[in-house]
Amino acid sequence: MSEVDDLPRFPFPVDAALEPPAEWAELRSKCPVAHVKLASGDQAALITRHEDVRQILSDPRFTRPTPGDDSARVADSEDGGIFNSDMASVIPQHGEAHLVWRRGIGKWFTAKRMNALRPGIAAMAEQLIDDMVAKGTPADLKASLGFPLPVWVICDMLGVPDADRDRFSHWSDVMLSMTRFSTAEMKAAEQEFTRYMAGHVALKRANPGEDILSALITDPEPMSDATLIATGIGLLIAGHETTANMITKMVAMLLSDRSRWESLLADPSLVRTAVEESLRLDANAGIGMSRYITEDVEIAGTVLPRGTTAMCSMAAANRDEEAFARASEMDLARTPNQHLAFGAGAHACLGQPLARTELQVVLEVLLRKLPSLDLAVAVEDLRRVEGLVVGGLVELPVRW
Amino acid sequence: MKITVDQDKCCGAGTCVLLAPDVFDQRDEDGIVVLLDEAPPAELHSLVHEAASVCPAAAISVTS
Ligand code: HEM
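So the protein lines, in turn, are chains A and B. 1 is the number of the first residue of the first sequence in UniProt numbering; add one for each residue after it. 1 is the number of the first residue of the second sequence in UniProt numbering; add one for each residue after it.
Pulled out of the complex, with its shape left as it was, chain A reads as follows (with noise of 0.2 Å):
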């Protein structure tokens, strides 16, 4: 045990609100495989550059650990957070059947169902900058656009009424955080959810429409009603704060050195690289995703013994000087861009066609209708909101 209390603590602190730790770029080039601690006091190894984050996320031998295989937890709460709830159980998160449930609302995802929302996503934008407008400058940018917006597409997408956005936000709030509520707030919210869940789910297999539970209802190999309310709460959870988060990062990036807009309102068809950049740059994306080595593998010449919990970094992974040229820059141009912002493999996010419709799209929209947009507070008085899945800023201060 001594020995676990020596190691490193992951993940590790940082000042500036936009910067990477200084461990990273140490880490990548002295010790690519490096045993930390994690905040529950469990070991993992971390891994910190792009090919070999790239090769475990891909491996189809390796998942997401699940409550009974003997991984490390991330958090020090009872459970070790929402990934390893009862809940995370429901969606199979292995080999076959995993596979069969994510063709199955992979389905609902494809980039012409994105492409076909972009308008309504729009609408909603200018709706939430209009009202952040009609209050007055400064405002909190992350308030009053980036959390309600992801929520507002994912009530769109599961069919859920307009009267019953905020709910969702609370919900997804207290479910994801790790630190700010109890574990008692925790269960309950997630009891709550899975109650309306159900009768939703209920109301769409008396009533189908055009949302993902009802095409999910309407197959013809149809989900169970447990999988299907997991499903709807998994993809809130994974689709809400993160996308929430990195709205809020990627305006303040912009804004930080204010040529990076300025050279985004001269030339907008930049906004999607620009994008795909800002989620490069990411240094608050949250401690990285792990996986449970059930066969000992070979990383950077070090042999990962089975058993091993290994936390891959993709945050330091995207700044690799192996994997990109001039890699602490910002280039809004860069082509292509193998981020792992949305990590690899069978496991890689489903909702990324979602997540960047959402980010180009509030992007354009706010370069439109406000290009004066600035920061109110210096950089440096930018604060971190240490989540562990997600991280983000507390608030984004900004003026018009």
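Some clues are possibly wrong.
What the hints assert, rightly or not - Examples of chain B residues lying across from chain A (beta carbon under 7 Å, computed):
| id | residue |
| --- | --- |
| 1 | Val17 |
| 2 | Gln26 |
| 3 | Pro41 |
| 4 | Pro56 |
| 5 | Ala59 |
To be verified - Have a look at the derived ranges for each label pair, beta carbon to beta carbon:
| id | chain 1 | residue 1 | chain 2 | residue 2 | range |
| --- | --- | --- | --- | --- | --- |
| 6 | B | Thr4 | A | Ala184 | 30 to 40 Å |
| 7 | B | Arg27 | A | Arg205 | 24 to 34 Å |
| 8 | A | Ala226 | B | Thr4 | 33 to 43 Å |
| 9 | A | Pro8 | B | Arg27 | 45 to 55 Å |
In short, the hints are calculated from the structure, not lab data. Glycine included, C-beta positions come from ideal geometry on N, C-alpha and C.
Guided by the hints, dock chain B with the ligand onto chain A, whose structure is given.
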């Protein structure tokens, strides 16, 4: 240019379709990649290379 796609590896993320919709599509049943044009015209080559290199599942190969 000649493109091949590996439907078994594809994870249906739709990245290629968003980049080059004239070359790639997704099956309606499950979102898995479909190749529309295995030898696209020169003006699409750079987008196709980009799609191949950013594919999360490394399911697209391009030979010149
Ligand atoms: C910028 C926003 C987002 C980021 C950075 C992000 C990141 C990720 C990452 C890194 C994974 C991989 C997990 C792993 O390898 O174990 C993942 C998985 C997933 N994401 Fe996202 N995500 C975002 C938005 C979304 C959205 C909007 C949705 C849907 C509404 C979504 C749905 C999912 C789902 C369902 C999975 C699980 C896929 C599987 O296990 O097969 N994500 N996401």
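Problem - Hint validity - B/Pro56 Cβ closer than 7 Å to any chain A Cβ - result: holds (4 Å)
Problem - Satisfaction of the hinted span 33 to 43 Å by the C-beta atoms belonging to A/Ala226 and B/Thr4 - result: 39 Å Cβ-Cβ, so the 33 to 43 Å window holds.
Exercise for the section: Return holds or violated for the Cβ distance of B/Arg27 and A/Arg205 against the range 24 to 34 Å. Expected result: holds (26 Å)
Exercise for the section: Could you say whether the range 45 to 55 Å given as a hint is met by the Cβ separation of A/Pro8 and B/Arg27? Expected result: About 46 Å separates the Cβ atoms of A/Pro8 and B/Arg27, which means 45 to 55 Å holds.
Exercise for the section: Report holds or violated for the interface hint on B/Val17, using the least CB-CB distance to chain A and a cut-off of 7 Å. Expected result: holds (3 Å)
Practice task
With a cut-off of 7 Å on the beta carbons, see whether B/Gln26 makes it to chain A.
Solution key: With Cβ-Cβ at 5 Å, under 7 Å, it holds.
Problem - Supplied distance hint 30 to 40 Å, evaluated on CB atoms of B/Thr4 and A/Ala184 - result: Violated, at about 54 Å.
Handout entry: Cut-off 7 Å, beta-carbon criterion: hint that B/Pro41 touches chain A
Key = B/Pro41 check fails; min Cβ-Cβ to chain A is 19 Å, beyond 7 Å.
Handout entry: chain A contact restraint on B/Ala59 - CB to CB distance below 7 Å
Key = violated (10 Å)
Of the numbered hints stated above, those contradicted by the structure are hints 3, 5, 6, listed in ascending order.
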